[in-house]
Amino acid sequence: MFDNEIIPNKFVNSFDGKELEIITGVPYKITNNGNYIDDWGGDHGSTPRLSSENHPPGHHFHPRQLWFLAESSLRRGYKIFANGKYLDSWGGGNESKLHINSTDYPPENPCYFRQIWSFYSENNNSKSKIFQIHNEKNDCFLDTWGGGVCSNILLCSHFNSPTDVHYSKQLWKLIRIFDYKLNAIISNFEYNLSLNKKKQPKKKTICEKVFDNSTSSAKLTVAFTFQEELTSTFNFSFNESLEFISETKLNTVIPFTDIEKEFNFKHSFEANKPTTTIKNEKFVTTKTVELSPKSCVKSTDYYDFMENVEIPFEAKAEITAIGDRLKKDGKIVKNTKVDADAVKLFLRENNFRGKIIKSEGNSVLAKVHGIFHGSYVLRTYQKLEDMQL
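Take the sequence shown: its position 302, counting from 1, is numbered 302 in the UniProt record's numbering, and each next residue is one higher.
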């Protein structure tokens with residue numbers, strides 16, 4: 001991987017192969033008992049410490065507490081780094097201090113496994129974001145050893161079990177601290193039209209015009225253009241909550257027509273709460289009428305209108321997200337598309353109930369269901385009638 005490449009977003013696996021609720025390539029803060037791992041502004045060879053200060057974005061010390069995970073050549077082993085400096089066991093064992101190292105050791109280097117860490121879920125619960133963090137070189141775990149603010153993080157060769165009185169000293173919580181925004185494009189609507197088979201459009205008159213050539217003995221040709229603005233109402237509701245989606249675009253063919261329409265919503269959809277769109281559309285008719293001598297013709301413009309249609313549907317939602325990501329050189333890229341695993345994690349965190357079909361690249365494809373309501377214009381047309389003089 002080149003230094004300017006963005007680190008992939010992949011689910012982290014525990015030491016025993018379980019998929020965890022954390023991902024690589026996005027920033028986390030790592031805490032124990034309310035204290036944060038902080039690189040303390042140190043350089044190569046220095047020791048990170050515990051800080052009680054949760055430095056907010058924009059603060060000068062904020063980057064010192066932003067830790068990223070990246071995959072390694074070891075399955076279920078990861079590198080942990082901040083500001084381009086890697087957590088490193090530095091060759092020490094039990095009770096030795098954790099260090100930071102500005103060198104990213106490659107797999108063939110004998111120091112490589114000093115920088116490789118694996119994760120043991122709290123109480124063996126893969127949904128937890130609290131872990132014991134294990135070093136692959138010395139078989140030790142990160143441990144506070146009872147230290148508080150400003151103290152070093154140490155290594156412990158003893159694995160504290162949940163029943164151990166010192167268990168909490170090895171528990172580290174990963175807190176995702178970046179914002180993200182989810183967007184959805186919903187298309188491929190499949191409507192269940194069976195409930196509306198007997199529903200017929202209503203025929204409504206727009207206007208009538210009379211062309212009178214009754215006093216002339218010559219043929220008359222009249223060209224005219226008629227324009228009318230008609231109102232259609234479209235209403236969509238979803239069974240699954242989409243209230244965590246920032247922007248939603250719907251692409252659908254309107255039922256009983258071959259007309260495809262696009263709807264853009266700059267807001268979210270709460271479960272089973274309809275969102276209504278009213279479209280005022282202009283319909284233009286251009287016509288040429290030939291009037292025989294001594295004749296009179298009436299032109300009537302009509303439109304067919306579907307009223308109070310209610311149709312269940314299934315559709316496919318392509319969901320993407322933007323957030324902060326990290327390059328291999330340690331530079332943070334703000335507001336860029338994240339990979340599909342990150343999108344899946346955000347959907348889980350928001351209790352998304354749609355069925356995920358597949359995920360690839362930067363997007364997740366899911367099935368969603370809902371109800372379409374509408375009262376709308378199907379078509380406009382015209383009828384010419386000779387009038388008796």
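Source of the hints: derived by calculation from the structure; they are not laboratory data. Just so you know, not all the hints are guaranteed correct.
Said to hold, decoys possible - FRET-style restraints, in silico, Cβ to Cβ: (1) 175 <-> 14: 10 to 20 Å; (2) 260 <-> 218: 22 to 32 Å; (3) 310 <-> 350: 24 to 34 Å; (4) 350 <-> 277: 19 to 29 Å; (5) 128 <-> 74: 14 to 24 Å; (6) 271 <-> 94: 24 to 34 Å; (7) 163 <-> 94: 17 to 27 Å; (8) 314 <-> 61: 47 to 57 Å; (9) 260 <-> 33: 53 to 63 Å; (10) 179 <-> 314: 25 to 35 Å.
Idealized CB from N, CA, C, for every residue including glycine.
For each hint, the structure was consulted:
Our hint of 10 to 20 Å for residue 175 and residue 14 holds, since their Cβ atoms are close to 18 Å apart. Distance hint check: the CB atoms of residue 260 and residue 218 are about 47 Å apart, inconsistent with the given range 22 to 32 Å. The hint said 24 to 34 Å for the Cβ distance between residue 310 and residue 350, and at roughly 28 Å that hint holds. For the pair residue 350 and residue 277, the supplied restraint of 19 to 29 Å holds, since their beta-carbon distance comes to about 24 Å.
Between residue 128 and residue 74 the C-beta distance comes to about 22 Å, which sits within the given range of 14 to 24 Å. Under the hint 24 to 34 Å, the C-beta atoms of residue 271 and residue 94, about 52 Å apart, miss the expected range. The beta-carbon spacing between residue 163 and residue 94, approximately 21 Å, falls within the hinted interval of 17 to 27 Å. At about 50 Å, the beta-carbon gap between residue 314 and residue 61 stays in the expected band of 47 to 57 Å.
Taking the beta carbon of each, residue 260 and residue 33 are about 57 Å apart, inside 53 to 63 Å as hinted. Distance hint check for residue 179 and residue 314: the Cβ-Cβ separation is about 32 Å, which falls inside the suggested range of 25 to 35 Å.
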